[in-house]
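Throw the hints in and build the complete structure from the sequences for me.
The numbering used here numbers the first residue of the sequence shown as 274 and each following residue consecutively.
Hints may contain errors.
[Stated by the list, open to error] Lysine-lysine pairs mimicking DSBU-like chemistry, simulated, CA-CA at most 35 angstroms apart:
| # | residue 1 | residue 2 |
| --- | --- | --- |
| 1 | LYS556 | LYS520 |
| 2 | LYS350 | LYS426 |
| 3 | LYS350 | LYS362 |
| 4 | LYS520 | LYS426 |
| 5 | LYS362 | LYS520 |
| 6 | LYS362 | LYS426 |
| 7 | LYS426 | LYS400 |
| 8 | LYS400 | LYS362 |
| 9 | LYS400 | LYS431 |
| 10 | LYS400 | LYS350 |
| 11 | LYS556 | LYS577 |
If you are wondering where the hints come from, they were derived from the structure by calculation, not from laboratory data.
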Amino acid sequence: MNRIESFICMIVCIVFSFSSCIKEDLENCPPETQPLRLVFSYEEAETQAIRPDELQQATLFVFDENDHFVSSWSLDKPVLNTRYEPDLKLLPGNYSFVVWFNLLAPYAVTPSPGEFLAGRTVRSQGKFQLEVPGTRIINEQETSLPLLLYGNKAGLVKENVENIITIPVVQNTNRINITVNGLAPTDHTYRFEITDDNGNYTFDNDFASCDPFSYINNTRYSPASSELAASLTVLKLAENRPDPVLKIQDQTTGEVILPNREGVDNNLIRLLQLIYPGNDFNKTHTYNIDILFIGTDIVVNGWKLNQSDNELTPD
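This is the structure we're talking about:
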């Protein structure tokens, strides 16, 4: 068979292989990629409302049923609970969808979105990380942590149907507002500090290994005010974690204000659980801690810290 005959034979084979499709016998047709509709679902009634200007970007990662990376898609100025039609088509099958909102400095993922390799990178290799400086300090006055949201959903993409993937998202940032009363006002500088190791997460939003670091905010008494106040933005909180601790220190003298004596429990999680009984850390993201010093006694949100067992009791 010469070259021309071989070419003619190949053309005939190709035409024959697709003839069943032309004749509407679809069994032998290769599957076609399908368009998607995406919704990032967020229930504002469960937590604080999110302002539109707080969401700068959404980055979606798609993995197949074997957790291999398939594709990614980014959206600027995303709006929650809104339907989108991404420039993304998938073959019919089972997929998992992971989305991070506001992957902006000092937030990042590894590998970077452009380094995820289709068919090679697996979901377990993906990590979110807070890029903590070498000082291991996130200073509230120098680094403003963007709102961080995370979502994931497993979904089945079918042929010849409207494939709507609704991805529920949760918030990973929290605002801790702290006020201190009962101390003699000074012109000193005071440091409010929360030390934790909650800077890294898997693509399942589980805590990943992270060296401890501190969120800090330095402040002073306002003129003619007897109240000392500061706010800290911290990342994900969860029950039964011994790591996050709250500390208040007079930077001018070096005196530690909280804890003010040995044995005082300053674990942030336990403190918030005592102040907010039954608290759900997945749904509440703004916390107010009011600390009142009466001599050496500490009253927190109207509850007195018992010196003998570190429990809060009604004042």
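Status of the hints after comparison with the structure:
With a C-alpha separation of about 25 angstroms, the suggested pairing of LYS556 with LYS520 holds against the 35 angstroms cut-off. Our distance criterion of 35 angstroms between C-alpha atoms is met by LYS350 and LYS426, whose separation comes to about 21 angstroms. Only pairs whose Cα atoms come within 35 angstroms are accepted, and LYS350 paired with LYS362 is accepted, the gap being roughly 22 angstroms. Note on LYS520 and LYS426: the hinted pairing is violated, with a Cα-Cα distance of about 38 angstroms set against a maximum of 35 angstroms.
Simply put, LYS362 and LYS520 have alpha-carbon atoms about 50 angstroms apart, too far for the 35 angstroms limit, and the pair is violated. As the CA atoms of LYS362 and LYS426 are separated by approximately 17 angstroms, the hinted pair is consistent with the 35 angstroms bound. Taken as a hint, the LYS426 and LYS400 pair is honoured in the structure, with Cα atoms around 17 angstroms apart against an allowance of 35 angstroms. For the hint linking LYS400 to LYS362, the alpha-carbon distance of about 25 angstroms falls within 35 angstroms, and the restraint holds.
The straight-line distance between the Cα atoms of LYS400 and LYS431 is roughly 29 angstroms, inside the 35 angstroms bound, and the hint therefore holds. Taken as a hint, the LYS400 and LYS350 pair is honoured in the structure, with Cα atoms around 23 angstroms apart against an allowance of 35 angstroms. Taken as a hint, the LYS556 and LYS577 pair is honoured in the structure, with Cα atoms around 27 angstroms apart against an allowance of 35 angstroms.
The structure is inconsistent with the numbered hints 4 and 5, although it conforms to all the rest.
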